[in-house]
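Colleague: Chain residues, written in single-letter form:
Number of protein chains: 4
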Amino acid sequence: MEKIIVNKIKSPRLSNPVFIVGLPGIGNIGKIAVEYLIDKLKMIRMTDIVTQYLPPQVFINEEGLIHLAKNSIYYKKRINKNDLVIVTGDFQGTTQEGQYELSYLILQLAEEMKASAVYTLGGYSVGKIVEHPRVLGAVSDRKMLEVLKAAGVVFPKGEPGGGIVGSAGLVLGLATEVFEMSAACLMGETSGYFADPRGAMVLLETLSKLVSTDVDLQELEERSKQIEEITGKMQQEGMQQKPPGKDDLGYFG
Amino acid sequence: MEKIIVNKIKSPRLSNPVFIVGLPGIGNIGKIAVEYLIDKLKMIRMTDIVTQYLPPQVFINEEGLIHLAKNSIYYKKRINKNDLVIVTGDFQGTTQEGQYELSYLILQLAEEMKASAVYTLGGYSVGKIVEHPRVLGAVSDRKMLEVLKAAGVVFPKGEPGGGIVGSAGLVLGLATEVFEMSAACLMGETSGYFADPRGAMVLLETLSKLVSTDVDLQELEERSKQIEEITGKMQQEGMQQKPPGKDDLGYFG
Amino acid sequence: MEKIIVNKIKSPRLSNPVFIVGLPGIGNIGKIAVEYLIDKLKMIRMTDIVTQYLPPQVFINEEGLIHLAKNSIYYKKRINKNDLVIVTGDFQGTTQEGQYELSYLILQLAEEMKASAVYTLGGYSVGKIVEHPRVLGAVSDRKMLEVLKAAGVVFPKGEPGGGIVGSAGLVLGLATEVFEMSAACLMGETSGYFADPRGAMVLLETLSKLVSTDVDLQELEERSKQIEEITGKMQQEGMQQKPPGKDDLGYFG
Amino acid sequence: MEKIIVNKIKSPRLSNPVFIVGLPGIGNIGKIAVEYLIDKLKMIRMTDIVTQYLPPQVFINEEGLIHLAKNSIYYKKRINKNDLVIVTGDFQGTTQEGQYELSYLILQLAEEMKASAVYTLGGYSVGKIVEHPRVLGAVSDRKMLEVLKAAGVVFPKGEPGGGIVGSAGLVLGLATEVFEMSAACLMGETSGYFADPRGAMVLLETLSKLVSTDVDLQELEERSKQIEEITGKMQQEGMQQKPPGKDDLGYFG
Numbered sequence: 476m477e478k479i480i481v482n483k484i485k486s487p488r489l490s491n492p493v494f495i496v497g498l499p500g501i502g503n504i505g506k507i508a509v510e511y512l513i514d515k516l517k518m519i520r521m522t523d524i525v526t527q528y529l530p531p532q533v534f535i536n537e538e539g540l541i542h543l544a545k546n547s548i549y550y551k552k553r554i555n556k557n558d559l560v561i562v563t564g565d566f567q568g569t570t571q572e573g574q575y576e577l578s579y580l581i582l583q584l585a586e587e588m589k590a591s592a593v594y595t596l597g598g599y600s601v602g603k604i605v606e607h608p609r610v611l612g613a614v615s616d617r618k619m620l621e622v623l624k625a626a627g628v629v630f631p632k633g634e635p636g637g638g639i640v641g642s643a644g645l646v647l648g649l650a651t652e653v654f655e656m657s658a659a660c661l662m663g664e665t666s667g668y669f670a671d672p673r674g675a676m677v678l679l680e681t682l683s684k685l686v687s688t689d690v691d692l693q694e695l696e697e698r699s700k701q702i703e704e705i706t707g708k709m710q711q712e713g714m715q716q717k718p719p720g721k722d723d724l725g726y727f728g
Numbered sequence: 476m477e478k479i480i481v482n483k484i485k486s487p488r489l490s491n492p493v494f495i496v497g498l499p500g501i502g503n504i505g506k507i508a509v510e511y512l513i514d515k516l517k518m519i520r521m522t523d524i525v526t527q528y529l530p531p532q533v534f535i536n537e538e539g540l541i542h543l544a545k546n547s548i549y550y551k552k553r554i555n556k557n558d559l560v561i562v563t564g565d566f567q568g569t570t571q572e573g574q575y576e577l578s579y580l581i582l583q584l585a586e587e588m589k590a591s592a593v594y595t596l597g598g599y600s601v602g603k604i605v606e607h608p609r610v611l612g613a614v615s616d617r618k619m620l621e622v623l624k625a626a627g628v629v630f631p632k633g634e635p636g637g638g639i640v641g642s643a644g645l646v647l648g649l650a651t652e653v654f655e656m657s658a659a660c661l662m663g664e665t666s667g668y669f670a671d672p673r674g675a676m677v678l679l680e681t682l683s684k685l686v687s688t689d690v691d692l693q694e695l696e697e698r699s700k701q702i703e704e705i706t707g708k709m710q711q712e713g714m715q716q717k718p719p720g721k722d723d724l725g726y727f728g
Numbered sequence: 476m477e478k479i480i481v482n483k484i485k486s487p488r489l490s491n492p493v494f495i496v497g498l499p500g501i502g503n504i505g506k507i508a509v510e511y512l513i514d515k516l517k518m519i520r521m522t523d524i525v526t527q528y529l530p531p532q533v534f535i536n537e538e539g540l541i542h543l544a545k546n547s548i549y550y551k552k553r554i555n556k557n558d559l560v561i562v563t564g565d566f567q568g569t570t571q572e573g574q575y576e577l578s579y580l581i582l583q584l585a586e587e588m589k590a591s592a593v594y595t596l597g598g599y600s601v602g603k604i605v606e607h608p609r610v611l612g613a614v615s616d617r618k619m620l621e622v623l624k625a626a627g628v629v630f631p632k633g634e635p636g637g638g639i640v641g642s643a644g645l646v647l648g649l650a651t652e653v654f655e656m657s658a659a660c661l662m663g664e665t666s667g668y669f670a671d672p673r674g675a676m677v678l679l680e681t682l683s684k685l686v687s688t689d690v691d692l693q694e695l696e697e698r699s700k701q702i703e704e705i706t707g708k709m710q711q712e713g714m715q716q717k718p719p720g721k722d723d724l725g726y727f728g
Numbered sequence: 476m477e478k479i480i481v482n483k484i485k486s487p488r489l490s491n492p493v494f495i496v497g498l499p500g501i502g503n504i505g506k507i508a509v510e511y512l513i514d515k516l517k518m519i520r521m522t523d524i525v526t527q528y529l530p531p532q533v534f535i536n537e538e539g540l541i542h543l544a545k546n547s548i549y550y551k552k553r554i555n556k557n558d559l560v561i562v563t564g565d566f567q568g569t570t571q572e573g574q575y576e577l578s579y580l581i582l583q584l585a586e587e588m589k590a591s592a593v594y595t596l597g598g599y600s601v602g603k604i605v606e607h608p609r610v611l612g613a614v615s616d617r618k619m620l621e622v623l624k625a626a627g628v629v630f631p632k633g634e635p636g637g638g639i640v641g642s643a644g645l646v647l648g649l650a651t652e653v654f655e656m657s658a659a660c661l662m663g664e665t666s667g668y669f670a671d672p673r674g675a676m677v678l679l680e681t682l683s684k685l686v687s688t689d690v691d692l693q694e695l696e697e698r699s700k701q702i703e704e705i706t707g708k709m710q711q712e713g714m715q716q717k718p719p720g721k722d723d724l725g726y727f728g
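Residue numbers (this note's numbering), protein chains in the order written: chain W, 476 to 728; chain F, 476 to 728; chain V, 476 to 728; chain P, 476 to 728.
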């Protein structure tokens, strides 16, 4: 079989779309953020990616129907603004080769569509619950640096110390070194202990400025409060927080 | 060498056969079930699959003759009914790539033979001994859903929680997403603690309805009782049951 | 680079040679046996195999000169007897793919040279020190079975229980299932606790009958006695024997 | 994507350059040594190597700009001396295949440029702090042996016992067995407990003789003293030294 099978469901004509990549990772905030956007903007699924680089696993819906583990691409046509394209999915590539191949494929698709910019979303694990999470950035070039700073993204020296591992970093890295595209990674601060809607929310606040969307974040605010109530109780009850399990959040950032 | 070597032993003309896949897995019940069927229906071996995706291992028979670890395909021609094809073997593919390549190959063969449907058999580990195991299902489409429900297969919401991992899930997933074939996975409940003929039996009871076979299950019933006697004693003696070791039952479900 | 690089050093014309494969494994006895044979028969190196399937490692000789980890092939022309070819090396392939590719390559070379038979040598770990180790066998076909029985090889039912893992098994398995060559595996009993010249000796005693060599085994007898003296003392001193570490003997049998 | 992408930044005409390879490894001394040389000789970056064989990781500089994990090649044209080429990078290949492919590529480039010799730099972990580290050698041929001995490199019998693992060994091994190039590995003694400028310094002292450079080592001397002050205090305070973590220094030697 082909190592990657690209199933085109729709082939819309898009005008210099902005590409946004949000896959499972630290605090799962990249994925939560883009799924919220897909839902609120009623984005349309255009492509499925079935591949050996994802686990041999199917998921079962409430009726008993399955879908195979995959990545998918959604789009939204907009008037007088760049169109939007979002890449998300069940998993990141599970091997180094898979990480590179899938990130490269995403950028090939972005190049074909003459994408105007690529944003990747990820979490920055700070190991404790943060009340007012910042959004940190990393960029391909100085022009993008200024764009992000104008949107309130911060660039503290030496953070994140180990760089960025996984697709959020690699898509940015390949965009910079191989595709020579303008790209940035937005990292929301998160405890990293659980799926974190608060971190997703601050990502979306920043992203909204960057790609000119106007999405009501109230539902995400409510989900954040629910989580915070639970974790607040846990803290009062003196329960010790454990570092996140690999199973919860995926290995890659 | 080729990564997969397909040795055709016989090339029968089959009429829209039903494909049944039962490989080693949880409780080993898929494999026990299809091996019982192969034996009782005197099915004929038509294809051997030798491949790098299986362990570098030979098995020795009582005389001292060996066979290499492989997967094999058996068939049974039937009058006024769809012919039967069964896929089984010593192991599932040991890597993610191997899982995909071997599942894809099975479906390519099914497509070539114009298979009418594909059933995969697996175990659903419930972590305790079950007196009356249910058969759970997962399907490619609504029509298949109705077929399975009519045969008594159940579809409890949210079970199995993590979806289906391994070839039982992947063959179904690729059938659905890539080959657009009608397919289903039947999962027999099993403790998952040992090779479980009771789970295999309930799978065969259900499968018999689906593919119109009439196989005497008495031997399987006897093997189940023997096992239950042993495990019953173990429980009386207060021995604690341990979760299954990876070595006993294979990693994939 | 090519995944396997075959460097031909000499290209002798060989007459239906017998192929003997002895690579590192349980008790290292296959390798000790063939290295002894290469030395005593003054066999000539004809081929080096450099490959990604072996560790990225060089060894340094007493002078400071290096050789890269590899497998090598030696030959011996004989009058009125089949010529001999021996395959040995620093390691077995370190991955499943490597195991298959290297075993397949050996059989391709055997086929090209019209080998009359293939013998693989390995150890059978019995977990305790054996005074009079047996040589167990496993074969491709009934004719080979009779040949081995005539040479004193035993075929106890159900031994080795798990079959044969690694190149000693795989070369036999691929010879049987893919190349349709006459092949056998000879397994010398060994504790598996250390490099075991006694096990190598009994392998050579049996092999000498099978391939009509007449090699003085005295040096091997002396090395065995030295080892047995040491291990005898260890037992008297009540030292507990530990199972062999992966590092000592290689992973595969 | 291509498994290895070679980005040529400059294509200078070089005259029989000496190739020096210093990648992360034991005590990190190979990398420290060549980075010092690149800096002091103001060497020019000519090639970037982006590849699936390195981790999916980007690094962020103080401004917020990223670079993808990669290997790079630098050169220095010299008058009346062989030109210099240095290979270094963020990581060694992370898999066996990656180790071979990247080492092979380096030698292909060396061959294209008609390199006069190849030196690889690595550490020899002695497990304790060494006041006057020696430089050990391993070579492709006797002529190179004499050259190294003349430069004070030592060749103690049986050291390093397990040979050389990783790119420092493999580049030498492939140069010897496949490319038939004159090559050597220089190993500086190091505790292996931390990034060790003292070990890098003795490597550079030796290398300077071999490739006729004249680099002021004072900064490296100062860094060594700082480290030694810290580790000296640690010893006085009776702190136990731990073996190096995989994360600090990379897996391969």
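Please keep in mind that the hints were generated in silico from the structure rather than gathered at the bench.
These figures come from a predicted structure and were not determined experimentally.
Ideal Cβ positions, reconstructed from N, Cα and C, are used throughout, including at glycine.
Be aware that one or more of the hints could be misleading.
As the list claims (entries may be wrong) - Estimated spans, in silico, between C-beta atoms of each pair:
(1) W:S683 x P:K603: 25 to 35 Å
(2) P:K552 x V:E587: 47 to 57 Å
(3) P:K552 x W:V629: 41 to 51 Å
Claimed, not checked - In silico contact screen, one side only, chain P against chain V (beta carbon under 8 Å); selected entries:
(4) S615
(5) G638
(6) L645
(7) V653
Colleague: Against this structure, judge whether each hint is valid.
Modeller: Now for the hints, and whether the structure bears them out:
With their beta carbons about 58 Å apart, S683 of chain W and K603 of chain P fall outside the hinted range of 25 to 35 Å. The hinted window of 47 to 57 Å between K552 of chain P and E587 of chain V holds, with their beta carbons roughly 49 Å apart. Taken as a hint, the range 41 to 51 Å holds for the pair K552 of chain P and V629 of chain W, whose Cβ atoms sit roughly 43 Å apart. Satisfaction of the interface hint for S615 of chain P is found here, the shortest Cβ-Cβ separation to chain V being roughly 7 Å, below the 8 Å cut-off.
For G638 of chain P, the shortest C-beta to C-beta distance to chain V is roughly 4 Å, which falls under 8 Å, so the interface hint holds. Restraint check, L645 of chain P versus chain V: the minimum CB separation of about 4 Å is within 8 Å; hint holds. At about 6 Å, the closest approach between the beta carbon of V653 of chain P and any beta carbon in chain V falls short of 8 Å, and the interface hint on this residue holds.
Violated hint: 1 only; the structure is consistent with all others.
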